[in-house]
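Residue numbers (this note's numbering), protein chains in the order written: chain A, -7 to 291; chain B, -7 to 291.
By construction, these hints were calculated from the structure, which means they are not laboratory data. If you're wondering where the values come from, they're calculated on a predicted model, not measured in any experiment. Check the hints yourself; a few may be wrong.
Below 25 angstroms or equal to it, Euclidean Cα-Cα: the simulated DSS-like pairs (lysine-lysine) are [claimed, not checked]:
1) 97/A - 87/A
2) 13/A - 177/B
3) 13/A - 171/B
4) 177/A - 280/B
5) 280/A - 204/B
6) 154/B - 129/B
7) 177/A - 13/B
8) 13/B - 171/A
9) 271/A - 16/A
10) 249/B - 249/A
11) 154/A - 108/A
12) 177/A - 84/B
13) 97/B - 68/B
14) 280/A - 177/B
15) 283/B - 283/A
16) 283/B - 204/A
17) 204/B - 283/A
18) 105/B - 54/B
19) 47/B - 97/B
20) 155/A - 171/A
21) 84/B - 13/B
22) 249/B - 283/B
23) 155/A - 105/A
24) 280/B - 206/A
25) 84/A - 171/B
26) 145/A - 129/A
27) 206/A - 283/B
28) 84/B - 171/A
29) 283/B - 177/A
30) 240/A - 283/A
Number of protein chains: 2
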Amino acid sequence: MNDILIIGTVALDTIETPFGKVEKTLGGSATYASFAASFFSNPALISVVGDDFPKNYIDLLKKRNVDIDGLKITGKTFHWDGFYEYDMNEAKTRKTELNSLEQFKVEMPERYKNTKYVFLANIDPEQQLETLRQMNKPDFAVLDTMNFWITSKRDSLMEVIKKVDVLLLNDGEARQLFKTASLVKAANEALRTGPKAVIIKKGEHGALLFTKNKHFSAPSYPLENIKDPTGCGDCFGGAFIGYLAKTKDLSEPNFRKAIIYGSVVASHNAEDFGLNRLKHLTMNDIEKRYKEFQDIREF
Amino acid sequence: MNDILIIGTVALDTIETPFGKVEKTLGGSATYASFAASFFSNPALISVVGDDFPKNYIDLLKKRNVDIDGLKITGKTFHWDGFYEYDMNEAKTRKTELNSLEQFKVEMPERYKNTKYVFLANIDPEQQLETLRQMNKPDFAVLDTMNFWITSKRDSLMEVIKKVDVLLLNDGEARQLFKTASLVKAANEALRTGPKAVIIKKGEHGALLFTKNKHFSAPSYPLENIKDPTGCGDCFGGAFIGYLAKTKDLSEPNFRKAIIYGSVVASHNAEDFGLNRLKHLTMNDIEKRYKEFQDIREF
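Chain A on its own, in the form it takes in the complex (with noise of 0.2 angstroms):
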C-alpha cells in the first residue's frame, strides 16, 4: 500500500560538471525523490514519459517498489541539458526539451486519491494544484519548486503555497521569491502565506528549519568529492517526507530528525553522477552517515 504520493518530472538528464559528462540518464525531480522516499515508506509518483524511455529505467524505479501507476507513456520524454561550473552550487541550462512534458495534466489513478502524504515535487505549479485539487484532502502536503516557475508563473505558486503544510525552497529562492536579502525575514513571510514549516535548502551550507517560535540549523557534511549535485533537492525532499510517513509523527522535533534524513541521502546523492549512489545505497550507509551528523553539530 502506497504511503505517499509524489508528483514532479521524469526526465532525461545529460549533465556535465567538472568531474566527468552523462548523456541521457535518468532523472527528474520525482524520480530523484522516489528514490529517496523508497528507502523509508512506498510512494506512488504521477509524471509522464515518453515512447523513448528506457525499458531498463522503468525496471530500476520498479526495483526499488515505486508505485508508477501513475506514470504516463506518450510523446518523447522531457530532456534537461546543463553543466556546473568550478563551485558546483548552480546548475546552468543548455538546454530544455519539454517534450510530452508540455501537454502534461495531471490523471489521478482511483487508488492514489486517499494517499495520506502527498510531496508536489518541483513540476509546474498549475499540475501542482491540480493534483491536491484531484486527491481527497491528504493529511500532510510539502511543496517544492525552481526559480523558473517563481518567475515564470508567481500567482499560481503563490496559490499552491497557501494550501500546503511544508515548503521547500533553497536560499536564492526564497530571497528571490519573498523579495528580502534576508532569509529569517523570508521564512517568516512564507509562514504568514499558509505554511505550518519553511526549510530552507543551503547546499553545502545545510538546511533551516523554521516554524512559528522554533528555529533549526542543520549542519553541512563535509564532502571532499561532489560529483554531481543533480537531484540533491529532490532527494532532500522525498527523503524528508518518506521518513515522516514512516514515523507517522508530524512534529517539529520529528521535522528535525527528517531534514537529517533528507540531508543524509542528498548527501550520499553527490557523490555520484545521476542515480548511480543512491543504486546501491543502503539503510546502512543511511544510518551510519545519520549518526555522523549527530557527531558534527556536538558541542
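Add chain B to chain A, keeping to what the hints say.
Chain B alone, transformed into the frame defined by chain A:
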C-alpha cells in the same frame, strides 16, 4: 595579568549599509577582537593609532579592561571607508588610508613577551611573523587574515600559517588561498601545512572546524536584522581565543564550545553599527544566546 596578546589594526571606520551610515567610528581587527575577548579574559593589544585618535575611544578600550600599553600613537589613524550592498555578505572598500599603519613595526613591551595565548588578528603577515619572533614561544597562536594579504603577501602569509596552532579564514579566502572550490580540500591542505585546526567562517551560514580526524559544523544564528557585519570575523576570533584562555583547555571538544562563543559574540555584533552592540553586551546575554545555539542544532 594579561592572558592573551592581540595584534591587529585599530581604525576609524566609515561604514554604510542599507540600514544607515556611521563616520569615523572605532573599528579595526584588534579592537573588535579585544572587545570580544574581554568578556572571557584579559587581552593586551599591540597596534598603532594617530594623534587624531579620539580620547573617548581610548576610554572605551580601557573600560573593557583591554591593556593598551602596546598601542603606539604616531601620525594619523588608519581610516577604512566601505559599504555593504543588499546581501551584506561582502564589504566593498571605497577608500583605505593606511596612514600610521604604513610604517608600523611591532615593538613588544617587555611584559607582553611571556603571554601564553596570541591572536594574530588581520594585519600585514610580516608584522604577524614579527610578533611571534619577539615573543617567548607562546603556548597557543591563532591566525586570522584577509583576501588582501592572500593576494599581496602570499609567501609571508604561508610562513605564518606554518607557525600557528589554529588558522581562521572565511570560505572565500579558503578557496582563494588553496585554489580549490572544495572547502574540505582547502581545509585538509591547510592542515598539511602545520596548524592543528582550521576554522572556516561562513558568515550567515555558520562556521566549520576541521582537525585531523574530526569535523564540526557550527549552526548559523537566525538574525532577522543584520545592521552592520563589520568586525564579526574579528569578534569571532577574539571570543574564540578568549574562551580558550579562560578555560585553559585546548581539546577539540572545547574548540567546539569556543566556536559557539565566537558565533554568539559575532551574531550580537552584527545587530548594530560599529561597537554599539558590544558596548552594552553582558555575559548574561552571551550565555542566553549560547543556550539558543544548543537548541537550534538539536535533533
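Hint check:
no.: 1; hint: 97/A - 87/A; result: 23 angstroms, holds
no.: 2; hint: 13/A - 177/B; result: 22 angstroms, holds
no.: 3; hint: 13/A - 171/B; result: 23 angstroms, holds
no.: 4; hint: 177/A - 280/B; result: 23 angstroms, holds
no.: 5; hint: 280/A - 204/B; result: 20 angstroms, holds
no.: 6; hint: 154/B - 129/B; result: 14 angstroms, holds
no.: 7; hint: 177/A - 13/B; result: 22 angstroms, holds
no.: 8; hint: 13/B - 171/A; result: 23 angstroms, holds
no.: 9; hint: 271/A - 16/A; result: 17 angstroms, holds
no.: 10; hint: 249/B - 249/A; result: 23 angstroms, holds
no.: 11; hint: 154/A - 108/A; result: 18 angstroms, holds
no.: 12; hint: 177/A - 84/B; result: 24 angstroms, holds
no.: 13; hint: 97/B - 68/B; result: 15 angstroms, holds
no.: 14; hint: 280/A - 177/B; result: 23 angstroms, holds
no.: 15; hint: 283/B - 283/A; result: 23 angstroms, holds
no.: 16; hint: 283/B - 204/A; result: 19 angstroms, holds
no.: 17; hint: 204/B - 283/A; result: 19 angstroms, holds
no.: 18; hint: 105/B - 54/B; result: 21 angstroms, holds
no.: 19; hint: 47/B - 97/B; result: 23 angstroms, holds
no.: 20; hint: 155/A - 171/A; result: 21 angstroms, holds
no.: 21; hint: 84/B - 13/B; result: 14 angstroms, holds
no.: 22; hint: 249/B - 283/B; result: 11 angstroms, holds
no.: 23; hint: 155/A - 105/A; result: 17 angstroms, holds
no.: 24; hint: 280/B - 206/A; result: 15 angstroms, holds
no.: 25; hint: 84/A - 171/B; result: 22 angstroms, holds
no.: 26; hint: 145/A - 129/A; result: 24 angstroms, holds
no.: 27; hint: 206/A - 283/B; result: 13 angstroms, holds
no.: 28; hint: 84/B - 171/A; result: 22 angstroms, holds
no.: 29; hint: 283/B - 177/A; result: 23 angstroms, holds
no.: 30; hint: 240/A - 283/A; result: 22 angstroms, holds
Going through the hint list in order, the structure satisfies each hint without exception.
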